[in-house]
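Protein chains in written order, with our numbering: chain A, 905 to 1302; chain R, 905 to 1302.
Hints in this document: simulated from the structure, not taken from any laboratory. Treat the hints with care, as some may be off.
Result set (DSBU-like, lysine-lysine): computed pairs, CA atoms no more than 35 Å apart in a straight line [claimed, not checked]:
1. A:K952 with R:K1236
2. R:K1025 with A:K1206
3. R:K952 with A:K952
Chain R residues, not near chain A, derived (Cβ > 12 Å throughout) [stated by the list, open to error]:
4. T950
5. W995
6. L1011
7. R1081
8. A1267
So, partial list: chain A residues that the calculated Cβ filter (under 10 Å) puts toward chain R [said to hold, decoys possible]:
9. V951
10. G953
11. P955
12. R977
13. D981
14. G991
15. G994
16. R1209
17. C1218
18. F1226
Yeah, the Cβ is synthetic: ideal placement off N, Cα and C, and Gly gets one too.
One letter stands for each residue in the lines below.
There are 2 protein chains.
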Amino acid sequence: MSEPTSPFHFEALHTCPDTGARAGRFHTPHGIVETPAFMPVGTRGTVKGIPPWELRELGSQMLLANTYHLHLRPGEDVVAELGGLHGFMGWDGPILTDSGGYQVFSLSEIRRIDEDGVSFKSVVDGDRIRLTPERAVEVQTKLGADVIMAFDHCPSNPLDRDEVETATRRTHDWLARCVRRHRELGGEERGQALFGIVQGGAFEELRLRSVEAITSHDLAGYAVGGVSVGEGRESMRRAVEVAAPALPAEKPRYLMGIGTPEDFLHAVGHGCDLFDCVTPTRHGRTHQAFTSYGRVNLRNAKWERDAEPLDPTCGCRTCTHFSRGYLRHLCKTGEMLAGILLSLHNLHYFNELLAEMRRQLAAGTFGAWSVKYGVRHFSSASPLLEVLPRVAKEKKSD
Amino acid sequence: MSEPTSPFHFEALHTCPDTGARAGRFHTPHGIVETPAFMPVGTRGTVKGIPPWELRELGSQMLLANTYHLHLRPGEDVVAELGGLHGFMGWDGPILTDSGGYQVFSLSEIRRIDEDGVSFKSVVDGDRIRLTPERAVEVQTKLGADVIMAFDHCPSNPLDRDEVETATRRTHDWLARCVRRHRELGGEERGQALFGIVQGGAFEELRLRSVEAITSHDLAGYAVGGVSVGEGRESMRRAVEVAAPALPAEKPRYLMGIGTPEDFLHAVGHGCDLFDCVTPTRHGRTHQAFTSYGRVNLRNAKWERDAEPLDPTCGCRTCTHFSRGYLRHLCKTGEMLAGILLSLHNLHYFNELLAEMRRQLAAGTFGAWSVKYGVRHFSSASPLLEVLPRVAKEKKSD
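With the hints as constraints, model all of the structure from the sequences given.
Structure, rendered in structure tokens:
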């Protein structure tokens, strides 16, 4: 027990013999997260349109909030005065904050980037803002989430070897500074764990080198970053296949900013435990739903007089209370409730998919199920099947 | 028992000896409404931003939906196919639909108005739409609410004697036609009650003549209309004071489109039982809250670091989960949750005010309480006190 007073630890309870998938329990100061688990994104301290009691009802266990947005408005000092993120958001379960790195590099007008950090222009008032690894840890310390993320350099083009190499090396240097600042501020014993982030773009060798560098720090968990930008599905999947299994089995693995049901199946099959993505709520607000019969656009005229639930196999409140025709009416008339009810359903769908994976893992049937699920939910010619864990694919050919 | 098979009846359980206020129970096919009661407005078949399970949790008993909006989109045939309003909205409690008259006269570009009905232009597609008393009953029959409203002519200027006289006479003629069509379609025995509407603008004599004409039909309830347009508070209050007590005591009295806490106190004191208004949700979406210490704008900078609940005396989920500072943050960043949480709070405030009136009526203390409530919540020079029921005012001068 190298850190006897840390409130964080991970138990891998059930590991699939056919794939790299595992079910586990991640212990945090605000409760246990049963993994694999999906974290809804509460960018500005709110999962858009969904109150926290509804998230609890939906089976959400851990939420994510964005340091970049909260640093700009209302500022970490205000959040701290209002009870830290848990009090602020009215959520007493575990919370994770990203470091702001991803948003700085993807959303901002960057003024300067150097070895020390990044200067950018606030989208709120045009002010010059400076983030460094130390500052990102300090801001997150004030926000007060259970898990905080290292400040990383997420390369904009994962196929540009020069850019990726620079960004990856910088990410490693910055992690060392984050670790130092995190320890100075009290470390895990104070109730906040720091996760490091693997970069390396689409380059296997850089991904593995990054895993080595990041795991040279003994942290409560590790993340795979930079997979939701750039060249899309294939390079993301390769990066996950290379990096995730190389991370220590006794720590949670968090795949950042991913994704879709197909992505979860693939990533869990390669040993990932935690996920976050805006997909369920963003799709919900644009009237798209994830269902057992595929993705659905609720604005479509064919639903006008359809009295069936959105997904007859679904037990969420949207599906147990309303018809497709009613949901279409809400979408067509621009009612707030459309986005709310579709976000609820999508979040339930994501949570239920991951809960089903946990059940299959506990029952020792994940390998066969993952193949069947893929066959049932995606076309048999789906590229998903090509990237499913090796043994699972062999089983399929039995 | 002139209508032995009607599922509708009203019991006046407690009548205040000092004022005209009474607590009662209105029986409908979808349950009992404890009166006085506030009905949230679900214009297009949704109370904006609030799912039905949340309305139930807030203590809402009966909802209102708008025939005008639902006739335009999605159309009454679609609503009927999707289970009628109860199935459509996912609300198994009582529902009332207005007749569309108010919206036709206030929102539409009217093409023609004559003794037979009104032609207007659809705001959705510009189509010519025709509503007559018979048609309004037919549309509402398909929508399937528990209570449907007579098609009335609501005068645009309650102070224009000629216009008001014409509109009032027309309202009486149209009621006779609504009653006939309602009986032909099965009447109350089929599970829908028809309420008549008193018009008469700001003219006491016309109001009383209208009460006489409307109550010449034996209906399950009567409404006072035309009080939310025109010259505002004073003429509205006089109209209520004249018309409401003149309506039969053994039937529910519904004051249409009103209003504010002050309005409820005044109207209940003059014997009104049912209310509807968009105030709680519309104010909520524009970041205004009703509280025990007055009306509050949540965008105000003074709330930025305020860790107190919005209303420390309130038990709603908004006040038990969040701080004023958090609510202000949601308002300032334009988050959907701002309007949702403030609408929840306002609806709870309205429901709780009417529940408190019911408790005071049951305890026989309404008269004294209404004066104290007025003194506590409004300035002692409030015009409210001038129009409170006579006996209550006398008590105050004791």
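Right, here's what the structure says about each hint:
1. Distance restraint check for K952 (chain A) and K1236 (chain R): the Cα-Cα separation of roughly 14 Å lies within the 35 Å cut-off, and the hinted pair is therefore satisfied.
2. As the CA atoms of K1025 (chain R) and K1206 (chain A) are separated by approximately 27 Å, the hinted pair is consistent with the 35 Å bound.
3. Using a Cα cut-off of 35 Å, the hinted pair K952 (chain R) and K952 (chain A) holds, with the two alpha carbons roughly 15 Å apart.
4. A Cβ of chain A approaches the Cβ of T950 (chain R) within 12 Å, the least distance being about 5 Å, so the stated non-interface status is violated.
5. For W995 (chain R), the condition that its CB be more than 12 Å from all CB atoms of chain A is violated, with the nearest at approximately 9 Å.
6. For L1011 (chain R), the non-interface assignment is confirmed: its Cβ lies about 15 Å from the closest Cβ of chain A, beyond the 12 Å cut-off.
7. Against the 12 Å criterion, R1081 (chain R) stays outside the reach of chain A, whose nearest CB is about 30 Å from its own CB.
8. Its beta-carbon lying about 33 Å from the closest one in chain A, A1267 (chain R) satisfies the requirement of being farther than 12 Å from that chain.
9. For the restraint placing V951 (chain A) at the interface with chain R, the shortest Cβ-Cβ distance is roughly 8 Å, inside the 10 Å limit, so the hint holds.
10. Here the hint on G953 (chain A) is kept, as its CB sits about 4 Å from the closest CB of chain R, short of 10 Å.
11. Residue-level restraint check for P955 (chain A) holds (minimum Cβ-Cβ distance to chain R is 7 Å; threshold 10 Å).
12. Annotation: R977 (chain A) was flagged as interfacial toward chain R, and the flag holds, the nearest CB pair being 6 Å apart, inside 10 Å.
13. Interface restraint check: D981 (chain A) against chain R, minimum CB-CB distance 9 Å, threshold 10 Å, status holds.
14. Among the interface hints, the one on G991 (chain A) holds; its C-beta lies about 7 Å from the nearest C-beta in chain R, closer than the 10 Å criterion.
15. Of the supplied interface hints, the one on G994 (chain A) holds, with its beta-carbon coming within about 4 Å of a beta-carbon of chain R, less than 10 Å.
16. A distance limit of 10 Å between C-beta atoms decides the matter here; for R1209 (chain A) the minimum to chain R is near 5 Å, and the interface restraint holds.
17. A distance limit of 10 Å between C-beta atoms decides the matter here; for C1218 (chain A) the minimum to chain R is near 15 Å, and the interface restraint is violated.
18. Interface hint at F1226 (chain A): satisfied, since its Cβ lies 5 Å from the closest Cβ of chain R, which is below the 10 Å cut-off.
In summary, the structure is inconsistent with hints 4, 5, 17 from the numbered list given earlier, while agreeing with the others.
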